[in-house]
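Undergrad: Sequence:
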Amino acid sequence: MSIQAIGERVVAKEIKIEEKTQSGIILSGMVNKKNPNVVEVVGIGSGEKVSKEISIGDKIIHSGYGITKVNDNNEEFLIIDFENILGIIK
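For the sequence shown, my numbering begins at 1 and goes up steadily by one.
These are computed hints drawn from the structure, not numbers from a lab. Note that the structure is predicted; figures quoted are calculated from it, not measured. Take these hints with a grain of salt, some might be off.
[Unchecked claim] No more than 30 Å apart at the CA atoms, straight line, and that leaves these computed lysine-lysine pairs for BS3-like:
(1) Lys-90 to Lys-16
(2) Lys-52 to Lys-20
(3) Lys-20 to Lys-49
(4) Lys-69 to Lys-20
(5) Lys-59 to Lys-90
Please construct the entire structure, taking both the sequences and the accompanying hints into account.
TA: Dropping the structure here:
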């Protein structure tokens, strides 16, 4: 990944899940549709608040606002403003 967040922002990826159909076929690589506002942090900006409270690998809940979608090497990333992060899933 070559995207670096600046200031009070994080870079995140949507969490992919495996789903199984009723006939047992596994559908891998599906985006988590049950909780679309839960993402995994893959980069952190240099802002004081964000660097104290959030770590790479954390799963966070965001409001759905203040997000910029960016593609890098055919992967989609979300750049999320700190004030739109509602919580961390532990």
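Undergrad: Are the hints correct? Go through all of them and say.
TA: Now the hints, each set against the structure:
1. For a cut-off of 30 Å, the pair hint linking Lys-90 to Lys-16 stands: about 18 Å separates their Cα positions.
2. Restraint check for Lys-52 and Lys-20: not satisfied, since their Cα atoms lie roughly 38 Å apart, outside the 30 Å limit.
3. As the CA atoms of Lys-20 and Lys-49 are separated by approximately 40 Å, the hinted pair breaks the 30 Å bound.
4. As the CA atoms of Lys-69 and Lys-20 are separated by approximately 28 Å, the hinted pair is consistent with the 30 Å bound.
5. Proximity of Lys-59 to Lys-90 is assessed by CA-CA distance (about 8 Å); at most 30 Å being required, the pair is judged to hold.
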